[in-house]
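Residue-level listing of the chains:
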Amino acid sequence: MALVFLIARAVQRFVRENLFLFVGAGAGVAFVERLGIRELLLFAAVVLAAVVVGAVIHHRRFRFRVEDDAVRVRRGVFEHKELRVRFSRVQNVQLGQPVYFRPFDLVQFSLETPGAAEREVELPGIPRRLAEEMRDRILGARREAVGEAGAEGPADPAVPPGFPGPVVPGGETAAASLLHAPGIARVFLHGLSSNQVWLIAGVLVYVLDLGVRQGADSTVVEQLLGWLERQATAGWSVLLLLAVGVFSVLLVAAGLAALLRYHPYRLQDHGSRLVGSGGVLERREQTLRRDKLTGAVLKQSPVGRVLGCWTLAGLQTRSDGRGDEVGQRSFLVPGLGAGDLDLVGKLYPGARMPEGFEPIHRRYRVWLLSRGFALALAILALLASSLGRGHGAVLLMTLSLVVLPPLVWLRWRQWGWSIDGPMFWLRRGLLGQRLEAFELARVQQVQVRSSPYQRRHGLVTLVLVLPQGLVQVPFLPEALAAQLANRALFAAETARQHRL
Amino acid sequence: MSPDTQAGGFANRAVAAQALPDFRSVPLEPVAPAYRPYAVIAAGLGWLAPAGAGLVAWFGARAGLLPGTVAVVALGALVLMTALALLGMVFAALDASRRRWALREHDLIYRSGVLWHRSVIVPFARIQHVETVSGPLERRFGLTRLKCYTAGGAGGDLTVAGLHGETAGRLRQYLLERIRDGEDEAPEVEGPRLASPGDDD
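So the protein sequences, as listed, match chains A and B. In case it helps, my numbering puts the first sequence at residues 1 to 500. In case it helps, my numbering puts the second sequence at residues 501 to 701.
Worth flagging that the hints you see were computed from the coordinates, not collected in a lab. A portion of the hints provided could be inaccurate.
Stated by the list, open to error - Have a look at the derived ranges for each label pair, beta carbon to beta carbon:
#1 B/GLU605 x A/LEU260: 50 to 60 Å
#2 B/ARG645 x A/VAL203: 20 to 30 Å
#3 B/TYR649 x A/ARG455: 23 to 33 Å
#4 B/GLY552 x A/LEU83: 43 to 53 Å
#5 B/ALA519 x A/GLU358: 16 to 26 Å
#6 A/GLY271 x B/LYS647: 49 to 59 Å
#7 A/ILE184 x B/GLU605: 53 to 63 Å
#8 B/THR632 x A/GLY183: 33 to 43 Å
Unchecked claim - Partial list, computed: chain B residues near chain A (C-beta under 10 Å):
#9 ARG611
#10 TRP616
#11 PRO636
It should be emphasised that the depicted structure is a prediction, and the values quoted were computed from it without experimental measurement. Even glycine gets a Cβ: it sits at the ideal position worked out from N, Cα and C.
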């Protein structure tokens, strides 16, 4: 079993390294061309050997142990590291099963605590049963774990005979209820509306660029370019059609990417924890402790607004304090339709989509517009003096002066806040929108800031520091902001302890 | 906004917004008087060091050790740096007189800023840990900074600059005790009552 594990780990490491090499390939192309194929193979063999040796050492050094109330990990190739994480500190657990792990029934196990900037404990490649057992013990099923016999995990990740059969998730809360299971179409739409389109477009441009540069002599590229040139002379309509075609291919690719990432998505409610799972190639399962949830976000991209597509995210304490929900680690629930918005209350109890939002002060428009114009004019003057008046960039910049006022208005209109009992809602955005809900009692710090311009008009910016990051409400009347601040402080100071 | 709503079966005691203790009504105490000279000197030193270099270069050029063009540049730099130093010192003095703080029963208030004003209120129950820091120049003036860390990343710490060393020490001790108390038992308070202002322990 350990051998299988070793191979899987080496493969995994190799894939990672490969990915890295692939990215570097662009710069290396010219270099590689000068070398013969034999040198290249030799180089590859050396790299492979280094990777394998590194993986073997890493594996040999890697030890973990599950205790009554904590997990202990020792690892490190050059620098030895030993850490112990108490279960009660853990805020979420993730299990991932890449496709090449499946035949061996292995999973990647990782967990996160509030203080860590990155995943603190990552066990790459342990048997699925052990991982599920650990997950259940860590999150929720703590009480029964104390009396259990085999409380010690093996250093060698072979399944000890004492483990029970198929683990019923979460013992005490066996009755899990399905909260959300978007269909293929919904997940596809999620892909369309996510920013993945631009990511894929970027990769495509990069690859095409590489192809053009490397294959300058290749006839295919030349033919393609020649054809493009002929089309361009033929008329704009063909070119436009081509652009639309490329864009729709991109959209489909983004939709498919979302399907691959999420497809049989299930959000389940196990009482004290929430489980989101899905993924075609890599099956992922995120388990979140509900009492470690510090907020929720409903998000819509500009495309998503057209398609009526929402994304829900659960927020937890972050040490980088950026307060957003991008990246692999965040708990994203994809594919919500306009009718699924009450899901936010099921994820984060007490959060109900408010009927209306209070606007911020009108002065915000004046302020933003004047700043925007000043910046745009400065750039314009700089461009015009350096490039000459007729340059395309100058024209584009002049055009932006026309677009600015409506954008400022949209931005202002998106700002809005609302209070619903203990819950505070903040809406912001430009073309898309982002609605964040959190309990005022979770506030860590309240700041009231004001610039000279704001003070002249009796306005301030209210800043609430939350475990997941800063939340700013700009341009509130001073008395109102003070009232909100007082409420937040009152809520925080009379709340039962919210230890993180 | 209606403060007395109920959400999701969660009964919330109605509190009239006007009845809540107002952080603005707390009389704030200025920071230690020694902070102003300290801040002025600290601001001045930053600019005066290059100004000093300019002065040396100027004298060097006058004595014929350095070419004549250096003298012009050095003089320009000297004037500019001195002007900036003076400006910085005036600004620091203003800034020092704007810094105020107060302790309430359940939180710490700190106000600062000359052009961009900023009031920060940190509930004791949210402080993760406290530390006191003092640099060599600060120690000369008997000053100490108090740093309070809360969750929420980079924006999550408050530095109270310009406290007497003794005050800062007592304050830190008090805060640590409050944090420990908070861990032991959930506070059962009807609402935060105002402590006498400037009561630093």
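List of violated hint numbers, smallest to largest: Result: hints 2, 6, 8 and 11 break, sorted rising.
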